[in-house]
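These protein sequence lines map, in sequence, to chains Z and X.
Here my numbering is used: position 34 in the first sequence is 34, and no number is missing along the way.
Here my numbering is used: position 91 in the second sequence is 1091, and no number is missing along the way.
Hints in this document: simulated from the structure, not taken from any laboratory.
Misleading hints may appear alongside valid ones.
Unchecked claim - Derived contacts from chain X toward chain Z, CB cut-off under 7 Å, selection only:
hint, residue
1, Trp1049
2, Arg1069
3, Pro1148
Note that the Cβ used here is the ideal one computed from N, Cα and C, for glycine as well.
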Amino acid sequence: MNAPNEGCRDFLAALSRALEGRPQPERLTRLSWHEHLLGCAPCRDLLEREEALEDLLATLPEPKLPPDLARRVLLRLGVDAGLDALLDLDAAEAPAGLAGRVLAGVRAERALDALLDLDTVDVPRDSLPRACWPDRGGRHRAAAPCACGPAPRPVALAARGAAAAAAALVWAALPPAPEREPDAAEVARLDTADEPDPALLAALEVLERNELWDDAAGGGLLAQADADLEVLLFETFVDEDELLLDFQTDDDAGTPR
Amino acid sequence: MTPLAKQLTVLVLGWLAVFAVAAPEALRPSFLDEAGVLAQEGRSARERWEALTPGQRARLEQRFERLQRMEADERAALEQRAERLRSLERRVVDGLSERDRARLMALPPAQRRQLLGELVEAELRERGQRLEAKLPSEVREWLQQTPPQERRQRLEAFKGQVRERTSVAAVEQIARALGFGQAEIERLQRLPLDERMDKVLQLYRRLSQEQIERGGLPNGLSAARWKELDALPPREYLAEIMALRADGLLGDALRPARPVEGVELSQLARDLSREVAPDPEARLELAELAPDERKAELARRRRARVAGLIHERGLLTPAQEETLAAMPDGEFFRQVRRLARRVERGRPPSLPARAERD
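Please put together the full structure from these sequences, using the hints given.
Okay, here's the thing in structure tokens:
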């Protein structure tokens, strides 16, 4: 292709996006609407060649790794034992004091819920004072206020607000999570998630003209041409027809009736 | 911090959060504004797409799905409509004076889009009314009687007849005006339709060039502009010439001015056409009014100008002037166009005994 211009570059970028991933001939079919192709024979040829190749690839069986390839590779690397040990979770011991720390965390959650008048955390009864055990409906059953019982309503609301505000402020002040390099599949997904269909972009001029569409946002002038004689006449006759109408021999131009 | 202050803090934070999420959608101008403005600025399809809100994108995606489901001819017709609309829009913007264009571009985007849409619709309706005035009386009659859903088909059939038959008459009249011999005229008339139509355009172009060479440039058409027009391809050239005629700037090349009873009718017809045509300058002057108020005010001004001209030139009798004045806007302008056409053809001005449409 000789010195690709901007249109060629745009088209090639769209083509390269459409070719990403597994063979999908229908993506290339959509691309054939691209307006650049109307005036660029080299790009048309390129698309045709790619379409033929995609069609061929789409007919081939999905490539699969031999079933024992992974194990053989690992054996060659001499790491199979280490990996097995790492992946054998049953064999892993729980860190010392883990259960206690989890229980303490649950207690703290429970205390916060009580503070906010919420009963959403399922807490083992044994972790709480007996007077504070929830009943079967999940409500706090203590008749009198206790250390973890529900606070009077206005205070509870204020406390809920304060907690939410504090959470919002803390969340806002937290440093952003460290960025991780996305893997190839994620990159491909990110590239195409918000990417408009090239065929849609090629047709955008038609799509964005509300006058042409009779949907809720459209209700357009030309979409209702049949009911509007002036619009229908505009649509039906082009300039050369108007010129010919000037030569109509039957021209009363408004004979009185 | 008191409990009340804490509650207020949460309330404010909550509203800020809601606003942050909702504001981009709520504050963005409507799709029409955004797309129209960006298109005027020559932004690419991708840039226009990226400027849309998710809701607007979803709507266009739905339209895209409809477009893909259309039959090839239905889709082609839609694309042709879009092309004609774009061409009309371009013509409207090109036709504005520098001052009016600057005034339009200085408006806020939403208002600008509204005004541009009105200007395009006015031009489109002007074209439709002009065409209606040129239809033979029997065609106008059956158009009134045909149900709307059948009109398009019948009009298409009529257009086919006009192209086939009237192109023969047009070749003859134009070629004769250019001094062609009978044998050559007959040869041109026997050409296949497409070639004959091309020949009509080619000969009409030559005739209008001669008209301007003979009579000089009309007022309102500069030498530089004429040079630009003269370099256009045949169909674009014809479009410009038809627009000049419609604006009353250029007379009919085949029907030179004919004084009748001391009145130069062609000039009178052109004056009438000019007064009845849309007035972009006045529309832009009234930009601050609501669309309905602007429409009513523009119609009132046009009626006053036309009635003044008719009265001043003594075109109708006092009784006829009264009849005309009593007509609603649509009928009033329709009758004035027919009046202009009669006068242009050198016929005595008159009004129908009763309006064709109530």
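So, going through the hints one by one against the coordinates:
Hint status for Trp1049(X): holds, given a least beta-carbon distance of 5 Å to chain Z, under 7 Å. Checking Arg1069(X) against chain Z by beta carbon gives a least distance of about 13 Å; that is not within 7 Å, so the hint is violated. With a least beta-carbon distance of about 5 Å to chain Z, the hint placing Pro1148(X) at the interface is held under the 7 Å criterion.
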